[in-house]
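> Here are the chains, one letter per residue:
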Amino acid sequence: MDKKIKIIIYAALLVALFALLFILEQILPSYSMLFTVLKKGAIYALVAVSMNLLNGFTGLFSLGQAGFMLIGAYTYGIFTIPTEARSAVYQYFDGGIINFTVPVVVALVMAGVAAAIFAYIIGLPVLRLKSDYLAIATLGFAEIIRAVFQWKTLGPVTNGSNLLRLYPTFKSVLFPFAVSGICIAIIVLLINSSYGRAFKAIRDDEIAAEAMGINLAKHKRLAFTISSFFAGVGGALLAMYQTTIQASAFKSAMTYEILLIVVIGGLGSVTGSCISSFLFIAASEWWLRFLDETTYIGSFKVPLLNPGFRKVVFSIIIMIVVLFYRRGIMGNKEFSLDPIAKQFKKRFRRRKEVVGSNEQ
Amino acid sequence: MSSNIMLQVENVTMQFGGVIAVDNLSIDVYEDEIVALIGPNGAGKTTTFNCITGVYEPTNGCIKYRGEVIVSNYPQGKMKKQYLGKNNGLYSKVINPTPDQITILGIARTFQNIRLFKNLSVFENVLIAKHLRAKQNVFTATFRLNYREERRMREECMALLEEQSLLNLKDAPAGSLPYGLQRRLEISRALATDPKLLLLDEPAAGMNPQETQELAEFIRQIKEKYKLTILLIEHHMDLVMQISERIYVQDFGKLIATGTPEEIQKNQRVIDAYLGVAEDAFA
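Protein chains in written order, with this note's numbering: chain A, 1 to 360; chain B, 1001 to 1283.
Read the hints as simulated data drawn from the structure, not as lab findings. If you're wondering where the values come from, they're calculated on a predicted model, not measured in any experiment. Relax, there's no trap hidden among the hints.
Listed next, the stretches of chain B that the computed footprint assigns to chain A, with coverage defined by at least 3 CB atoms under 8 Å from CB atoms of chain A: (1) 1092-1100; (2) 1119-1125; (3) 1130-1137.
Counterexamples of contact, computed for chain A against chain B with all Cβ distances above 12 Å: (4) S172; (5) T295; (6) S336.
Here a beta-carbon is modelled for each residue, glycine too, at the ideal position from N, C-alpha and C.
Using the sequences and the accompanying hints, generate a full structural model.
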C-alpha cells in the first residue's frame, strides 16, 4: 500500500474514532459504564505502553510504574489546586507552601518531567542490575516513594496522608483519549527511530549491542527516563479521572495490573497493550459485574453468584488467556491494515476477473 | 606489509581468581595484515579478544591502537596480593573503556557463538550498527528531524547488504537465516560500524570444507574492499595457513610461537602443543 494513502486512511480512522466518541457522549447518559471503561482504559493504555517500552522493547524488567504514576499524580495535583481552594485542601497544614497554579497542560508536562527526574536519579544505581533484581529494586523504590509522600514533615507540599482534591479534572472522554493518543504516538515514533532500534538490540542481546557501539548505560537510562515520563503523565491523568489523590492508592497491585495488561497484550506490541488495556478494564469493571450480584430467577437463587465471585472468574479468564496466547494477544506484532487491505484487493481482483470472463 | 602499526597488545595478563587465562601476552598487528591467533581449546584466545574489545578489564598490561593507549591496567585491590603474573609494577595507568567506546574507535568484532539480534530483521541488524556514528539525539530522532541522516544510514545499509548479497533476505528475521548466512550477516554488521580493524572469533566454526573455502575468499575480498586489518581466531588450519600472513600461537595463556605459516608448521613446540594433538583428535 502507498505510504501516503496509508497515512490518510489512518488519519481518517482517527477522526472517525473521535467523532464516534463525541456522538456517544451526546447520546448516552454521562454515568454510563461505557465512559468509565473508555476513560480508565485510555489512561491505562498510556501507562501500559510506557511500561511496554521498558519491559517489552528494552528488555528491562521494571516494576516501578505505580511509583512514577504517583509522582506524576502528586505533581499535577499540587500545582493545579486553585489558590482559593488551598486552605480547604491543606486544612492541617495552613494552606500549604505553594501558592500559585499553572495551566492544566503545563501541569501535565510537569508531572511527566518530575517522574522523569526521579527516574534518572534512581536509574543511575539501579540500572546496573538485571532482570529479577531490577524488578525488586524498582518495586522497592515505588513502595518507598509511597511512604515518603505520606510523611507528615512533607505535609505542606504533599498534604501528608490526606487527600489532594479540588484540582481541575475532565468530564469528556475525549480529553484522556487525546492526551494518551499524543503520548502513545510519540512513543511509537521513538520505537521506530534509530533509538528504538538500539533499545530492541539491547533487549535481544546486550553483549552484541555493546559490541555494535551502543552505550548500554546511556540507552537504558534513556528508556527508563522516557518510560517514567509517560507513566508520570498517565498518573496525572488517573488523578484527574479519580478527582482525588491519595498516595495509599498507588499500591504495587496497580503495577501488577499494568504488567498483566502488558503481558496479555504482548510484550513488544504497542497495539496489543492498547487493546488489552480496554479489555482488561472492561472485564474487571463492567462485563463481570453481574457475577457479584446475588441473583434470583423466580424463587431460584443462582448458585455461586456472590460478592467476590467476579474476581475468581476474572482470574480464571486471565489464566486461560495466558495458556492459549502464550505470547499475548498480539505477540510482538502490531495491528495493521495491510492484511485487511490485501484481503480486499484479492476479493476485488477476483470479482474483476469474473466480470471480465463474463464479458468475453 | 606496511610498517604502520595498528594494534599492540603489550604484556597483557588476565587473571580470574587464581587462574591465569592470558599470561603476559604481546601481539603486534600491522596495517593491512591478516594475523591469526591459534591455540588449543582453552588457550585463552577469546579472553584475549575480550580484553582488546573491553569486555574484560585485563589484570595487567596495556593495549595500544594506532600508537595510542586504549586499555591499560595494573593489579589493584584484592588482586594486588593474588597477582601471579609478570611485569607487576610496569604499568601505572588505569584505562578501562566499555566495549562501545572501543567500537567507536574503529575496532569491530564478531562472536564465536553467533550473536545476532534474532528477532529483528536482517536490515535492522545492519542498521543498528550505524547508530553509533549518527549525530542525532533522542529528540531529533523521535520527531524525524534527522530524516536526512536516517535516509543516508538506510542507503548505506542497502548498499552493504547488496554487496554481501543479502539484499533479498533483508526483511527476514535474522534468527531464521541458515547458519552460513548468519555468519555472513554478523560480519556484515561488524562492517557497518566502519571499522579499521576487524576481529573475527572462529568465523569458520561449524562449516564444512567447501564453506570454509568460500569464507577464505570472502575474508580476502572484504579486506581489500574495506581496507581492513584483520585479526582472527580459528581452528581450521587450512583456512589459517591459507589467508594469514603471520600467526601467533597461544597455549595455556602463554605465547609459544610466532611467525609465518611456514615457520609455524615446522615449529616443534607448536606441533607438540597443538597441531600434533589436534591432528590425532581430528583423524
